[in-house]
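One letter stands for each residue in the lines below.
Protein chains: 2
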Amino acid sequence: MRAVEAAGAEALLVTHGPDVRYLSGFTGSSGAVAMVGGRSALFTDGRYTTQAKAEAEGVRVVIDKRAPAVQAVEWMAAAGVTRCAFDAGQTTVAAMETMKKALPAGVRRSFFVAGSGLVARLREVKDEDEIARMKRAAELGCRMFEAVLEFVVPGATEVEVAAELEYRARMGGAEAMSFETIVASGERSALPHGRATGAKLPKRGFVTMDFGVVVDGYCSDMTRTVHLGRATDEAWDVYHSVLEAQEAAVAAIAPGVRCGEVDEAARAVLRRAGLEKEFSHSTGHGVGLEIHEGPRIAAKQEQVLKQGMVITVEPGAYLATRTAVGGGKALGGTKRSGGAFGVRIEDMVLVTEGGGEVLTSASPKVWMEL
Amino acid sequence: MRAVEAAGAEALLVTHGPDVRYLSGFTGSSGAVAMVGGRSALFTDGRYTTQAKAEAEGVRVVIDKRAPAVQAVEWMAAAGVTRCAFDAGQTTVAAMETMKKALPAGVRRSFFVAGSGLVARLREVKDEDEIARMKRAAELGCRMFEAVLEFVVPGATEVEVAAELEYRARMGGAEAMSFETIVASGERSALPHGRATGAKLPKRGFVTMDFGVVVDGYCSDMTRTVHLGRATDEAWDVYHSVLEAQEAAVAAIAPGVRCGEVDEAARAVLRRAGLEKEFSHSTGHGVGLEIHEGPRIAAKQEQVLKQGMVITVEPGAYLATRTAVGGGKALGGTKRSGGAFGVRIEDMVLVTEGGGEVLTSASPKVWMEL
Numbered sequence: 001m002r003a004v005e006a007a008g009a010e011a012l013l014v015t016h017g018p019d020v021r022y023l024s025g026f027t028g029s030s031g032a033v034a035m036v037g038g039r040s041a042l043f044t045d046g047r048y049t050t051q052a053k054a055e056a057e058g059v060r061v062v063i064d065k066r067a068p069a070v071q072a073v074e075w076m077a078a079a080g081v082t083r084c085a086f087d088a089g090q091t092t093v094a095a096m097e098t099m100k101k102a103l104p105a106g107v108r109r110s111f112f113v114a115g116s117g118l119v120a121r122l123r124e125v126k127d128e129d130e131i132a133r134m135k136r137a138a139e140l141g142c143r144m145f146e147a148v149l150e151f152v153v154p155g156a157t158e159v160e161v162a163a164e165l166e167y168r169a170r171m172g173g174a175e176a177m178s179f180e181t182i183v184a185s186g187e188r189s190a191l192p193h194g195r196a197t198g199a200k201l202p203k204r205g206f207v208t209m210d211f212g213v214v215v216d217g218y219c220s221d222m223t224r225t226v227h228l229g230r231a232t233d234e235a236w237d238v239y240h241s242v243l244e245a246q247e248a249a250v251a252a253i254a255p256g257v258r259c260g261e262v263d264e265a266a267r268a269v270l271r272r273a274g275l276e277k278e279f280s281h282s283t284g285h286g287v288g289l290e291i292h293e294g295p296r297i298a299a300k301q302e303q304v305l306k307q308g309m310v311i312t313v314e315p316g317a318y319l320a321t322r323t324a325v326g327g328g329k330a331l332g333g334t335k336r337s338g339g340a341f342g343v344r345i346e347d348m349v350l351v352t353e354g355g356g357e358v359l360t361s362a363s364p365k366v367w368m369e370l
Numbered sequence: 001m002r003a004v005e006a007a008g009a010e011a012l013l014v015t016h017g018p019d020v021r022y023l024s025g026f027t028g029s030s031g032a033v034a035m036v037g038g039r040s041a042l043f044t045d046g047r048y049t050t051q052a053k054a055e056a057e058g059v060r061v062v063i064d065k066r067a068p069a070v071q072a073v074e075w076m077a078a079a080g081v082t083r084c085a086f087d088a089g090q091t092t093v094a095a096m097e098t099m100k101k102a103l104p105a106g107v108r109r110s111f112f113v114a115g116s117g118l119v120a121r122l123r124e125v126k127d128e129d130e131i132a133r134m135k136r137a138a139e140l141g142c143r144m145f146e147a148v149l150e151f152v153v154p155g156a157t158e159v160e161v162a163a164e165l166e167y168r169a170r171m172g173g174a175e176a177m178s179f180e181t182i183v184a185s186g187e188r189s190a191l192p193h194g195r196a197t198g199a200k201l202p203k204r205g206f207v208t209m210d211f212g213v214v215v216d217g218y219c220s221d222m223t224r225t226v227h228l229g230r231a232t233d234e235a236w237d238v239y240h241s242v243l244e245a246q247e248a249a250v251a252a253i254a255p256g257v258r259c260g261e262v263d264e265a266a267r268a269v270l271r272r273a274g275l276e277k278e279f280s281h282s283t284g285h286g287v288g289l290e291i292h293e294g295p296r297i298a299a300k301q302e303q304v305l306k307q308g309m310v311i312t313v314e315p316g317a318y319l320a321t322r323t324a325v326g327g328g329k330a331l332g333g334t335k336r337s338g339g340a341f342g343v344r345i346e347d348m349v350l351v352t353e354g355g356g357e358v359l360t361s362a363s364p365k366v367w368m369e370l
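Top to bottom, those sequences are chains R and C. The opening residue of the first sequence carries number 1 in the numbering used here; numbering runs sequentially from there. The opening residue of the second sequence carries number 1 in the numbering used here; numbering runs sequentially from there.
Do not take every clue at face value.
Remember, identical chains collapse to one label, so a pair may be satisfied in a single copy or spanning two.
When the alpha-carbon atoms are kept at most 25 Å apart in a straight line, the in silico BS3-like pairs for lysine-lysine are as follows [what the hints assert, rightly or not]:
1) K65 with K53
2) K277 with K65
3) K65 with K101
4) K300 with K65
Quick caveat, the hints were computed from the structure, so don't treat them as lab data.
Start from the sequences and build out the full structure, keeping to the hints where you can.
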């Protein structure tokens with residue numbers, strides 16, 4: 001609540017689902033949490049009476065037909081609140097209008113104080129229970145990857161590989177995939193976000209698999225890239241540059257380190273390899289109840305890592321189709337003609353007192369020619 | 001644009017992903033469409049240069065580093081727009097602040113005119129191409145259901161059934177499931193939204209499967225309920241009351257009919273069977289690029305069906321645990337003791353000139369004791 005007070009408010013309204021779950025334990029699709037001083041209450045509707053009382057232990061549960069946010073706002077106004085912080089990035093203009101109408105005219109104009117990510121910031125640091133869930137999610141991801149390798153063969157389609165991964169996710173206890181599974185093969189591996197398609201895996205070329213599962217509400221996220229058939233020297237070189245960059249970034253992780261430093265650790269390796277431009281995205285992001293959370297692991301980010309944060313480390317290099325006309329700087333002047341391809345390698349990493357603990361270490365990152 | 005003009009605006013800003021896709025064809029995660037008079041433009045960023053130009057045929061594509069909505073607003077202001085409609089239900093307070101800051105001070109205060117569902121209304125009526133995609137999605141759902149029946153056996157878990165369904169979805173060409181698969185067995189069938197869990201299917205009892213796939217961007221949605229083992233008379237009666245209600249609602253569908261009439265057709269059957277309270281949700285909803293679209297098929301809805309709409313018809317009855325202490329009105333006084341159970345039956349229905357055309361007719365709705 002210190003952040004709330006710093007924003008000039010005496011109460012906090014939370015309506016974003018993952019934030020509501022984080023504060024109250026309630027997982028239903030419609031709920032709001034109000035926090036006033038030391039008190040808090042969860043508002044939802046009659047569909048969730050039993051579930052809310054079971055899930056939101058130690059939190060007062062209020063059931064009513066009206067929209068949860070409206071209930072919450074009226075409850076706060078009745079409790080004498082005159083200034084309430086809310087998340088402007090998670091509240092629509094229409095929802096704000098509805099909530100304002102529920103307030104007494106006297107306080108309406110100045111009631112809401114826009115904040116941003118007040119609960120999201122709390123969620124960045126995971127407690128022991130959250131870390132245990134994330135480890136289970138990460139370990140399931142690794143088991144899925146190992147099991148699916150036998151299906152990564154020339155002629156199989158990308159969606160078949162995705163289907164096998166997702167089947168094993170379900171059978172292993174996942175509630176859902178944490179995002180749309182990426183299987184990008186051959187020239188499609190040059191796409192950073194190549195959703196699985198009907199494309200057939202090539203006899204020779206990379207296959208990038210980027211996927212995650214949800215276990216007990218928490219997301220995993222990992223990427224492995226393997227090669228089908230005998231690789232060119234260039235492909236081998238790019239893979240090992242990305243691997244070196246990935247490992248350098250993991251090694252840079254420790255409490256007190258700035259996120260920008262972790263990004264730079266990866267970027268410096270790829271810069272030396274002549275692949276700076278080919279690494280066209282940031283190095284990683286926090287993960288938890290949502291697949292994308294804070295902190296951002298990107299260039300110049302000043303935010304400092306804290307013990308208990310869980311972040312991804314996922315540098316990549318994506319090479320478009322090139323012609324034989326020389327002069328390219330990539331890979332120390334060895335750039336040659338060839339089709340497009342790409343490589344990305346990603347782990348989930350827990351920030352511990354002693355440094356980064358890789359949660360997806362069960363799946364090897366070694367060069368694989370299948 | 002008539003709705004835009006009626007709202008007192010001369011332009012429309014669209015930022016909600018499915019609306020952007022509907023108007024421009026663009027499927028990327030970050031885009032905005034601006035419509036001014038007869039002109040329109042799609043704004044996105046450098047990640048999507050190639051994709052946007054390929055997908056947004058006949059639409060002007062503008063690429064820039066800044067947020068698409070900010071680009072769009074500046075473009076409109078430069079074109080002399082002073083009043084722009086936007087969807088207040090799809091725009092956050094934070095996004096609105098950012099857009100206002102991008103405007104010249106002179107027009108900032110009165111530039112935005114809140115609208116709601118301006119594009120959503122257009123999307124309710126599907127054209128031939130959309131209907132063809134939805135038929136393919138619906139047919140894939142039916143094939144998945146038929147294939148998965150062999151796994152619906154006592155002792156299998158709900159997630160195993162979900163896994164088999166989802167595997168077949170992927171192998172059949174689905175891009176994704178259109179929502180989290182529901183497999184609710186035994187007493188869990190009494191939950192209208194029982195996500196698949198590790199619960200084992202019982203020797204005797206209902207299994208409700210509610211699922212859908214996304215094919216070429218369009219969602220399917222269907223529910224079938226089957227019975228494992230020999231059913232009680234009560235279970236048989238409830239199933240057939242729900243089936244009769246479902247078929248009555250489908251039969252009520254025609255252009256010009258009010259949505260509330262379709263709902264009432266189902267509700268009247270269940271009322272006569274003493275199951276009115278046990279039918280605790282609305283009868284259906286529109287479906288398309290999103291799993292839940294307009295129109296709402298619910299009590300007292302005055303909206304009128306139009307040719308080309310695609311709606312779900314999904315009445316259900318959910319009976320909590322009952323004791324032998326008599327007096328219950330359900331099923332004409334035959335209410336007895338028993339565990340909780342529930343039944344839901346759902347089809348996707350296209351509104352045609354001649355009435356409702358069931359798109360999920362390939363899967364039988366007949367009583368099945370497996």
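Cross-check of the supplied hints:
1. With identical chains, the CA atoms of K65 and K53 are at most 25 Å apart within one copy only, with a shortest distance of 16 Å there and 47 Å across copies.
2. With identical chains, the CA atoms of K277 and K65 are at most 25 Å apart between copies only, with a shortest distance of 16 Å across copies and 54 Å within one.
3. For a Cα distance limit of 25 Å, the shortest separation of K65 from K101 inside one copy, 17 Å, qualifies, whereas the shortest one across copies, 38 Å, does not.
4. With identical chains, the CA atoms of K300 and K65 are at most 25 Å apart between copies only, with a shortest distance of 18 Å across copies and 47 Å within one.
Violation of the numbered hints given earlier is absent; every hint is satisfied by the structure.
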